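Engineer: This is what each chain is made of:
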Amino acid sequence: MTVNGSAVTAEVADRTLLVHFLRDVAGLTATNIGCDTTSCGACTVLLDGQSVKSCTVLAAQAEGREVTTLEGLAAAGGEMHPVQQAFHAEHGLQCGFCTPGMVMAAVSLLAENPHPTEEQVRTGLEGNLCRCTGYHNIVRAVLAASGQAEGQDSQ
Amino acid sequence: MIPAAFTYKRAWSVDEALDLAAQGGEDAKFLAGGHSLLPLMKLRLAVPETLVDIGRLAELSSVRDEGSYIAVGALTTHHDLATSGLLGQELPLLAHAAGEVGDPQVRHRGTIGGSLVHADPAADLPAVILALDATLVARGPGGSREIAAADFFHGLFETALAPGELLTEIRIPKPAQAGWAFQKFTKRAIDWAIVGVAVQGDAVALVNMGQTPVRAAAVEQALASGAAPDAAAAHAADGTSAPEDINADRGYREHLARVLVGRALAESRSRS
Amino acid sequence: MSILGTRVVRTEDPRLLTAGGTYVDDLRVPELAGAARVTFVRSPFGHAMITGIDASAALAAPGVVAVLTFQDINDIPPPPPPPEGGPPPGSEAAPLPLGGVWQEPLLAVDRVRYVGEPVAIVITDETYQGEDAAELVSVDYDPLPAVVGVGKALSGDTLLFPDAGSNIPVDHAAGDTAFEGCDVVVEREIMNQRVAPVPLEGRATAAVWADGKLTVWVSTQNAQISRFILAGAFGLNPDAIRVVAPDVGGGFGAKVGLDRDAITVAWAARHIGRALRWVETRSENLTGMTHGRAQRHSIKIGGTRDGRVLAYRLDVVQDTGAYSRMGGFLPTLTNLMAAGPYDIAHVEAGYRVVVTNTTPISAYRGAGRPEATAAIERAMDLFAAEIGMDPAAVRRKNLVPSDKFPYQTPCGATYDTGDYIGALDKVLAGAGYDELRAEQARRRERGDVVQLGIGVASYVEITAADADGGETARVEVHDDGTAMVYTGSSAHGQGHHTAWAMIVEADLGIPMAKVTVKHGDTDEIPLGTGTYGSRSLQLGGVAVHRANLEVKEQARKLAAEMMEASEADLELNTDSGLWQVRGDPGSSRTWADVASHAGAEGLTAFVHYTDGAPTFPFGSHVAVAEVDTETGKVTLVRHVTVDDAGTVLNPVLTEGQRHGGIAQGVAQALLEEMIYDADGNPLTGTLADYAAISATELPSFELLVSETPATINPLGAKGIGEAGTIGATPAMQSAVIDAVSHLGVRHIDMPTTPARVWAAISEARNSQ
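Residue numbers (my numbering), protein chains in the order written: chain R, 6 to 160; chain P, 12 to 283; chain B, 3 to 770.
Treat the hints as calculated values from the structure; they're not laboratory data.
As the structure is a computational prediction, the values presented were derived from the model and not from experiment.
From the derived model, a few chain B residues whose C-beta atoms are all more than 12 Å from chain P:
no. : residue
1   : T71
2   : D144
3   : T160
4   : E182
5   : P403
6   : E437
7   : A440
8   : L574
9   : F608
If you anchor each label on the Cβ, the simulated ranges turn out as follows:
no. : chain 1 : residue 1 : chain 2 : residue 2 : range
10  : B       : G7        : P       : D241      : 58 to 64 Å
11  : B       : V451      : P       : K185      : 33 to 39 Å
12  : B       : P513      : R       : A80       : 22 to 28 Å
13  : R       : E71       : P       : Q100      : 29 to 35 Å
14  : B       : V451      : P       : E77       : 37 to 43 Å
15  : P       : F168      : R       : D29       : 28 to 34 Å
16  : R       : G10       : B       : D679      : 47 to 53 Å
17  : P       : A245      : B       : D679      : 30 to 36 Å
18  : B       : A212      : R       : E84       : 40 to 46 Å
19  : P       : F168      : B       : D436      : 50 to 56 Å
20  : P       : T18       : R       : E71       : 24 to 30 Å
21  : P       : F168      : B       : N76       : 44 to 50 Å
22  : R       : H120      : P       : A16       : 43 to 49 Å
To be clear about the criterion: a stretch of chain R counts as covered by chain B if any three or more of its residues have a C-beta under 8 Å from a C-beta of chain B, and this derived list gives those stretches:
no. : region
23  : 31 to 41
24  : 67 to 79
25  : 85 to 94
26  : 101 to 112
Idealized CB from N, CA, C, for every residue including glycine.
Excised from the complex, chain R in its bound form (with noise of 0.2 Å):
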């Protein structure tokens, strides 16, 4: 399969999911496992191009495909991606682990709907699951990312 632009050939276990893949054949750790029940998304990838929870895909099921995980999200000159810098402008995360996930399924989300409001991208991360920040910043940071203002800080 092609990760990242670059094509990635292996010999795995039939049953290797494609996050194992990624992780442990593509050596591409900042995809995170957070469940295993389908239901966090911190494994979340872009495969052509969708949003899916890599821990429920075989990596067999990518093969030939192009698969896109946050390490590949940045341009080649190291300038972050929109939805990157919103996250950073936003304080969009904490302790990281969700982030990877989060990031990429915001790409997503954009991709699809690219002027979301803020019910529709609540509704669009709710198979992705974070602990730290109440989504109240990551929220904000993918209306940001779309070029929308939203809410007030403190008053």
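Knowing the structure of chain R, use the given hints to seat chains P and B on it.
Structural biologist: Using the frame of chain R, we list chains P and B on its own:
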């Protein structure tokens, strides 16, 4: 977290898929989007020995207008159903319900066929195709056959499909009555329905009120004999055997069914 | 202009956002090359005798290096007895550890006491082989009746520890207090339910022994405390142990130190002579990581008809799970804070601790204080309902007035600074309380299906409760003008690197971009406490500040030498970072210059700050909820807060802590509960069933600013980490009950799930 070991086979045509499944015998399962099957396998609640990946059968992913009915390929993802202009026009109930399944990532992978064959009575689409009086087309080693939705769901995780039979298409007659509604009652947005209701015209189907999706026959009879929607809704739980779990006991589910059927009928009528 | 108090985005982010963090499972250090993988075999029973373990099938499975049980643990010292002459374990002065008959083993010996208890470990070359092999370990169990729920525990019909004679390791039950003179008395038994912390990264540990030294990488909030725990467990000098906290994916109190599973991994690494790594699955985490809360409360409140509370009694039964880890200590904090922010003449608080066949209880965001607040806030609402007074008005009447600080409560706490009435007034104004009540009245009048509920909660909490343990900081300025901070604190999302760099910039004029902060490696920072209890800014940040000041004085001496001026004439310009002689604008030396002049030891200072004291953040929350009275479904529509933790160093970080705290507080009130059946089987053992809150259930929060400085430290800082949670839970619960109070509902236990709300509505309607 990790499935037990299995042999993976990839099919490039429906015939090849059927052959590979036949070779695998009883312990072979088809793998579509994998979002019903893989979660079970990761918890080792399902341990098939062979997986036949049918995810590359592009010809099974489509939504087509066939005149009197819409033909939905079994491998059409929930996302594609939810965003299909054709479905939005002709079968908004299905389009809307597909958009409520799981979350965006699940909808990018999960398929209508996978969901129907998995036959979880708490899932959204089985009740929807029951309300829509769909016909399911299955192909097996012996050829093709059509199964009415009413005959498709046999029990908890059990369908009319024989081992090695592949669901290829769902044929949904264009509804005679335009009104529709889908009420999905959950604690959290990502949860399975505690109770759900799918309405198309005067057809009412229930999610998670039994071991299979069920038509609310008593409600439909009441409507047919001229009862007002509110009065008909009072019969929502008649004849059902609602499950009990940490989210609801039977009494609460029956109560929710009555309330949600009432709301769904009102919503449906406001659309017709 | 000082950078302190300004909005500064985090220096931690670029790495986390581009390469991702390096958590234990991501470590690719040479010492762990070829590390084998650990998979635990855990009890599927809540209570059972172990009658046999057969590992033969597992040992024959591919990639299996070893299968180990308690019988293999013959090479570490037994747990030490309680210290001679000290207060008895379980007493108020020494609530922990309990040891003795209540001792928790590393691997189960002859009995398992909770689903998930470790029984054996399987070591395999590769991860995937581990689960396969673990399934093949055959353990014979003889199930015993299970003890679930405090009632069952108190009855003693079945004992978890027969030698103990009861299920009650600690008994300081509340006595009676004076309720005479009270026109109105309300009593109720309420539950503060068991919840799971669910950090997105579960527990993880890697360990290797080399040349007589143990190195452990662990997802922990306290590398130094972990090192002492390991030293004790192995009977080693701490110098022989290095603990590293890499990036940690959330802790919330449940990763304080390290637990038996982690110690077992470290032991096994020595036992088989190979580096090991263990990363738990989520299902393991939900029963293997400690849970939070799980207190039953008997509350009794009394006062006058015009709203003055005269007496309050709180009797706590703490379900500590199968083993008393921190569960024996937490209710002491609950009792300490029982009076809340109120001026109540008579307060009686007591607690008992019981063991049950469930996962052990430990700290979880708030650790004993949310329970106290939830109890007194419920009591205030019940009292208000009984006398027919507005709940906000009742609170204002009883909050400690601003002129009474420092305020000593009957529970033994002395609240340092506060403006409780100001906080209440501010949040009511910010929420538009009167308009909300008017809208509620309109909906009640119309008999709307969707009713509006307004929950008001006031709180005070204790942070840096263990301030005497203090925190450490070493600050170095290098001869290239850069600075390094070695902090004893241990951020796992709190942004200390940003905050400590801000303090250096403010104190020394060295720009943040030139400041590096390090934490979490006992080789580099042998002394420190770590991060819990909302202590780090007021202890760790102050330690950094003090170290800065010492470095500054060293630099002053050097600069004076260099510029041949007297020290008294030397000034540091903190905007430019230049040392100058007063009245001689042409003179200047950079930090690089001064540090280069410093000689062999360099420019460095180490501070162990132990002069702090506990501080008491406070606030008020208003939650606005809609309740569908036909289904019981609750929607949180707005959540407005005042959370005053003193002077704010970086509003970005403070807001983030408040948001996260509020979300977890709301989650407990609205959705989350770890449920066990009567046999001790967890019914919410996966994230599909345990209702961890998502973005869709929450609104954006409305945070109001309030800063009442602490006076104990120069940063004016108290701790913000847990305050949001403490205030949010009672506000949310109260809003739900308030929405249906006109139907006759007085109480709904948490979580206020649709089923519970519907049951309360039905019951109230049926009894009318």
